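Knowing the structure of chain Z, use the given hints to seat chain Y on it.
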Amino acid sequence: MQRRGRMPVPSRKVQLATAAMLLVATTVAACGDGQDNGAKASAPKAPATIPELTKDPLTLSFIWFDWPPAHALEAFANAEYKKERPNTTIKVNTVPNANWHDAMFTQFAARKTDFDIAILDSQHIGEAVTNGNILDITDFVKNNIDVKAYNPYLLAAYGQFPQAETGKRDENASLYGLPLLGDTWTMIYRKDLIGDKPPQTWDEMISVAERCQADNPGVSGLAFHQANGSDAAAVTYNTVNGVYGGNLWDSKTRKIEGVLNDAAGQEAMDVLVNKMKPLTAKGSGNWFIDEVNAAVAQGKACIAFNWIAASGGLLDPKQSTLGTTREQILDKPGFATLPSQKTNLVPLGGMGMHVSAYSSKANQAEALNFMKWFERADIQKKWAAAGGVPSRTDALESPEFLNAGPFNQVYTDSVPRMRDMWNVPEYARLVDIENTNVNAALNGAKKPKDALDDIAKEQQGVLDSSSRKGGGGL
Amino acid sequence: MSDPVPLTTGHPGQVASATPPAPGRSRRLSDRGLAVAFISPALLLLLAMSVFPLLWALYLSFTDYSATRGGPAHFVGFGNYTAILTSAQVHQRALTTLIYVVGAVGLQTVLGFAIAYLISRRTHGRGLLTTLFLVPMMLSPVVVGLFWRFMLDAQFGVINSMLGSLGVGQVEWLTRQRTALISLIVVDTWQWTPFIMLIALAGLTAVPRYLYEAASIDRASEWFRFRTITLPLVWPLLLIAVLFRAIEAFRLFDLVYILTSGGPGVSTETLSFHVYKVAFLGFHTGTASAYGILMVLVVIVLTQLYLRYLNKLKED
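In the order they appear, the protein sequences are chains Z and Y. Residues in the first sequence are numbered from 1 upward in steps of one, following the numbering used here. Residues in the second sequence are numbered from 1 upward in steps of one, following the numbering used here.
Think of the hints as simulated: they come from the structure by calculation, not from any bench. Just so we're clear, the structure is a prediction, and the values are computed from it rather than from any experiment. By construction, the Cβ of each residue, glycine as well, lies at the ideal position given by its N, Cα and C atoms. Be careful, since some hints might not be right.
[As the list claims (entries may be wrong)] A short list of chain Y residues far from chain Z (calculated; beta carbon distances all over 10 Å):
#1 I119
#2 F195
#3 A206
#4 E315
[Claimed, not checked] Quick look at which bits of chain Z chain Y covers, simulated, 3 or more residues with Cβ under 8 Å:
#5 95-105
#6 128-140
#7 275-288
#8 431-438
Pulled out of the complex, with its shape left as it was, chain Z reads as follows (with noise of 0.2 Å):
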């Protein structure tokens, strides 16, 4: 007999079939909005004209890495883009520098963004064009932006792919960002240690150091990026790579082994680690823009070498030990083009404005619009008054950016001599390739020989492995 109240237990099937639905359920829920991703193999486009923009509150978000260039964005915009447009509030989020590429791509994978505009290095365009990430914006910038206000190097460098070739722009080819902050490396030189004149050649400039750090006990002769975190070690060798004549890739064939390391590959890489790593500091070998920014600011190094937008702290009195007053900093450090030897390359550094493809309409509307403002003439100027590094040629040409810092002239220069890496879809394992082994060679884990071949072998397998079946990644 049924006893009342109570229902009948179900069996041990009926309980596994139960699990089992649920279990379908939950994966169908979880996969309802994965199925069209397939669609998307390559970026969406901007509309070219700017559509209607709203008149509601909103706020704009951009994501960046945490230096002070990206709170002056916050503070420059908020102040100057709310003039126009006072119903948007700027946001920049940041993430420390070694999570950057993955908060955006993570965020990327998921086709939903908590930002409108990312600021992609350079390099990491290629990636976000084919995954289809961000808007193709060729057409609004024939329509909204003036060109031939820029070295078309600089433009080309911050938007387009495919990757144009060094100094040059293709006309053709489609654009994908526009430049926000323009960067290079800097030499930075100890005037009251090795004299006014910095040195003009890289050999020369390695036996200034050697003598300095010799003259100066406690003060080593050279600072730069090592570390194996982030693209540190790898702009350091691919900088005396430049200097020395090397190439990183011939991008025709996507042939690295046999070029990266060439002679003059193997060069860069003996100067580097036989001649250069043997006057930097003991333990510098996890050494990035901070870490060189304080030996410079504590006195601790003869000649340095960092990014220029990330030097505006060494005239901070209260970072350095150099000087009370900004004044007085400045009898010391000098700010310098880097020194040539067969070639006068120097690294390009700096990031671009993309739109987010996931962000909703009316954001997306207004990221072209503050993009279009952010490269007028007037605004160019301001931001190179605010802090920041323009790329348009008159405001790098203006009072306004070149009094504005001491390094800033140093960027002008080093306009025409700049080189990237690679853009490809590949390139942060590129880059991840490049810095270990880099990073091994610097701290004796590896050959200096057996790095450089190593990371050529390692990335073209890199670019080769697009037929491999399984396995992709190691």
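Same frame as chain Z, now just chain Y:
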């Protein structure tokens, strides 16, 4: 449905009304139904957050899927698994992880047990000492990593400063191949020795007093008492602590990320750190899923072997 049957009270001849159901309780919901209703939310959560991701990862591990590229996932069979198991890079990270696990867990066991043994012999201040020793374990690994990074800095770190005052030269703790791995082991030991200590202390306090009293009547030496009473009784509990720590150490990621970023080169890259790179640098989701599944399998197999040994120990 029949009418309710009248119930009798304790007093013969008196008919009592039926007891009303508890307020808020549905007449149709049985005990079992109620249990299912209560368990369902947790069960659904478990299915959505644990079981589904695991099965999804298992499915992806047989494909070349990439989270950022999107598009359909192509079936590659055991291609990912074969590539991982035959990769020299993976072998190198496995060796690094093994050295780290053996070094860190071994050191923590010896130190943790020694501290617990010393504390257990104290009658005064035992609670305070135990609490003080537990502090490192309560800190976030990221915080621990950051302050040890500053302390181990070759130029400005307090460790080298102290060594300098003793006449020892600067040591490159985090940027040399050998010292970097040792530094990781030392930092992990600093943080997790208290865990072993806590479990060992629980085992030591549970050893019956009468055994020691009997031993002292027999004039057994301190060493003999330790070897024949203390250690055999605490050993099974200690082995469980070792198991927990070994699993944790096998998955080490945070300290590596903060302290060395896997460097110099890749010499302190553990398996977990390598999986992270495969998953998020190139977004090779299929390979990373297979890598993760293999790591779970390794832990499960080793844990089973270990538990069998523990059971055998208990039977003996």
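Each hint, compared with the structure:
1. I119: holds (37 Å)
2. F195: Holds, since 28 Å exceeds 10 Å.
3. A206: A206(Y) is indeed farther than 10 Å from all Cβ atoms of chain Z, at 40 Å.
4. E315: holds (32 Å)
5. 95-105: n = 4 at 8 Å, threshold three: holds.
6. 128-140: holds (count 4)
7. 275-288: Holds, because 6 residues of the segment 275-288 of chain Z bring their Cβ atoms closer than 8 Å to Cβ atoms of chain Y.
8. 431-438: It holds: at least three residues are needed, and the segment 431-438 of chain Z offers 3 whose Cβ sits within less than 8 Å of chain Y.
Of the hints listed earlier, there is not a single one the structure fails to meet.
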